[in-house]
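*Asks:* Chains S and W supply the protein sequences, listed in that same order. Under the working numbering, the first residue of the first sequence carries the number 8, and numbering increases by one thereafter. Under the working numbering, the first residue of the second sequence carries the number 8, and numbering increases by one thereafter.
Simulated from the structure, these hints should not be mistaken for laboratory data. Errors might be hidden in some of the hints.
If you want the ones that stay clear, here's a sample from chain S, every Cβ over 10 Å from chain W, calculated [claimed, not checked]:
| no. | residue |
| --- | --- |
| 1 | 55 |
| 2 | 203 |
| 3 | 356 |
Here are some chain S residues the structure puts well away from chain W; computed CB gaps all over 10 Å [as the list claims (entries may be wrong)]:
| no. | residue |
| --- | --- |
| 4 | 36 |
| 5 | 281 |
| 6 | 328 |
| 7 | 346 |
Covered stretches of chain W, as calculated for chain S (at least 3 residues, CB under 8 Å) [claimed, not checked]:
| no. | segment |
| --- | --- |
| 8 | 130–144 |
| 9 | 300–307 |
These figures come from a predicted structure and were not determined experimentally. Beta carbons: idealized from backbone N, C-alpha and C, even for Gly.
Below are the chains, spelled out letter by letter.
2 protein chains.
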Amino acid sequence: MMRDLPQPSAQALVPFVSVAEMMAIIHRIGLEEALKDLTDRIEADFRRWPVFDKTPRVASHSEIGVIELMPTSDGQRYAFKYVNGHPGNTRAGLQTVTAFGVLSEVATGYPLMFAEMTMLTALRTAATSALATKTLAPKGAHVLALIGNGAQAEFQALALKAVCGIDTVRLFDTDRAATAKCAKNLAGRGLTIVECDSAEAACEGAHVITTCTADKKLATVLHDNMIGAGVHINAIGGDCPGKTELAPAILNRAATFVEYEPQTRIEGEIQQVGEDYKVQEIWQVLTGQAEGRKDAAQVTLFDGVGFAIEDFTALNWLHDQVQPGAAMLDVIADPDDPRDLFGMLMRAR
Amino acid sequence: MMRDLPQPSAQALVPFVSVAEMMAIIHRIGLEEALKDLTDRIEADFRRWPVFDKTPRVASHSEIGVIELMPTSDGQRYAFKYVNGHPGNTRAGLQTVTAFGVLSEVATGYPLMFAEMTMLTALRTAATSALATKTLAPKGAHVLALIGNGAQAEFQALALKAVCGIDTVRLFDTDRAATAKCAKNLAGRGLTIVECDSAEAACEGAHVITTCTADKKLATVLHDNMIGAGVHINAIGGDCPGKTELAPAILNRAATFVEYEPQTRIEGEIQQVGEDYKVQEIWQVLTGQAEGRKDAAQVTLFDGVGFAIEDFTALNWLHDQVQPGAAMLDVIADPDDPRDLFGMLMRAR
Chain S
8 MMRDLPQPSA
18 QALVPFVSVA
28 EMMAIIHRIG
38 LEEALKDLTD
48 RIEADFRRWP
58 VFDKTPRVAS
68 HSEIGVIELM
78 PTSDGQRYAF
88 KYVNGHPGNT
98 RAGLQTVTAF
108 GVLSEVATGY
118 PLMFAEMTML
128 TALRTAATSA
138 LATKTLAPKG
148 AHVLALIGNG
158 AQAEFQALAL
168 KAVCGIDTVR
178 LFDTDRAATA
188 KCAKNLAGRG
198 LTIVECDSAE
208 AACEGAHVIT
218 TCTADKKLAT
228 VLHDNMIGAG
238 VHINAIGGDC
248 PGKTELAPAI
258 LNRAATFVEY
268 EPQTRIEGEI
278 QQVGEDYKVQ
288 EIWQVLTGQA
298 EGRKDAAQVT
308 LFDGVGFAIE
318 DFTALNWLHD
328 QVQPGAAMLD
338 VIADPDDPRD
348 LFGMLMRAR
Chain W
8 MMRDLPQPSA
18 QALVPFVSVA
28 EMMAIIHRIG
38 LEEALKDLTD
48 RIEADFRRWP
58 VFDKTPRVAS
68 HSEIGVIELM
78 PTSDGQRYAF
88 KYVNGHPGNT
98 RAGLQTVTAF
108 GVLSEVATGY
118 PLMFAEMTML
128 TALRTAATSA
138 LATKTLAPKG
148 AHVLALIGNG
158 AQAEFQALAL
168 KAVCGIDTVR
178 LFDTDRAATA
188 KCAKNLAGRG
198 LTIVECDSAE
208 AACEGAHVIT
218 TCTADKKLAT
228 VLHDNMIGAG
238 VHINAIGGDC
248 PGKTELAPAI
258 LNRAATFVEY
268 EPQTRIEGEI
278 QQVGEDYKVQ
288 EIWQVLTGQA
298 EGRKDAAQVT
308 LFDGVGFAIE
318 DFTALNWLHD
328 QVQPGAAMLD
338 VIADPDDPRD
348 LFGMLMRAR
């Protein structure tokens, strides 16, 4: 792309959505609009859940982190995401989680788009929480407690504002600087922001609680006595083996909903309880095959870990936003005669 | 990359080896030198086989093809390849197999390089055959029969010339145009080329036979009576369930060597025989843990299917060839404060 080389044919070129382009697309649409769109698209794909190939993510663990591949397909399109999780990265000024992904056509196996997915994952994670909250929260819920004010926090707040009518956000983080950052970022966006001194204080009066903390350990971010009747919880931060956020007693009181049960058993809050602990998959509530919230007093829990179908949805949504003039990658070898790869190489000399 | 957007930081940028750049690198080094280098690097990595994470590839099958992810890691570096296999693609002027891949650092999970891998896979597949041939062929072998003269053929011929001293190549393909293409491409490269009318004729006098046909079915490219004493066979084309090239009688006579037994049981020629059929992994021959060729009369078979470690090696080799000024992808969101992804998005407005 920067040297004087033969020009590739059109079939060789695949659109690439860089970080800068991703941000430009979000601003063109508007962040809250994008979060609403994504929530609708995730709901539509969850409603046709049985058509998707579903496999737990393929993880490569090391002592200090994990690299995962998350593939899925609906028979027409195939998508995968590459995502790492390295809690120690922030000490080196790097992101804990970075991601990129590819969308492909099943009929040919050819990629349709490469894309950054660090930003896109933040959006789809928030949109998934919004979908769970819309589906499970008590009627009239408008106060959100946000425990963990890191990279995901503002997206959660704005998705729940845009989709679920949240108007007040009560913030807490063990690091006050994170709370201050989050409060500053959310100022002037039509939300009442309350900075709190403890998780207990943040939960006071909240109808919805989202936990999105980042420590890779069995933590207790929420204690049982912090959860009043009727509250809906989105537990987002507990998303890999050995990383949880909730006291087990909360699980024993709550009706628990998950994305894909086999994966959540390994990665979610429910890794703390036995295999006989009953959960429902969210898509079953959306299609009427399972009951959602029973009454105004029930505690509902969305034990979110992030599933490949959400990334599939997000990449398909993003693909629809790519406009003429987008950057293209010369990544598909495209000889005139498909059997003559060698001739293509030699003619390039 | 083509619009007026904020400039990403250095940490956001990952080198990208396009198809054009890949071809330029091969020509800079020289194709036969590159094949020799790759063979040496694959041998070195096979010798430290036990340090690698090994999982069978993650395949998504449809009625007309397959999309696969092939990850592996040595604890320092992580690599994966995306590869499709769609035999019907050639009818639409598309490649049967296209591939791309990513090399990453295990310590941070950050990608180090994106690369086209259609061309690179052709090289590493040929280099792996050369390694198997160097290890298993009879002494003084210099005549190669090449059955299947498609996209992989010339690379096989030149790797076996460069690494194993092959000086004569006898060509056969059911499509005479493919043979003519291959003969033309190999002309003037220090090889005696013989175009043959049948697979039987091609095998006459050959010390080494490579089969690299493309049909996705149980075919019999080689019959038992075509295989003389002492011949070494590289069976490369039989590489997925339902796709084989050899008569089972050949398997019963030959000493068979594979890359990674659990994968080859599913994908290789040995899917035709029972689980009790004995094979050796090539790396065990290289490290002296298993016997290679016993004597000059033994028929040896390398049942090659392509394994993730070869792609890992190829990507690491390629990474060493990337020079300053290479194209870079803005694919890693890199906020000043890692917890402030939202702030980065807002400042880009």
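*Asks:* State for each hint whether it applies.
*Replies:* Status of the hints after comparison with the structure:
no., hint, verdict
1, 55, "holds, 17 Å"
2, 203, "holds, 18 Å"
3, 356, "violated, 5 Å"
4, 36, "holds, 12 Å"
5, 281, "holds, 28 Å"
6, 328, "holds, 14 Å"
7, 346, "violated, 4 Å"
8, 130–144, "violated (count 0)"
9, 300–307, "violated (count 0)"
Checked against the numbered hints listed earlier, the structure breaks hints 3, 7, 8, 9; every other hint is satisfied.
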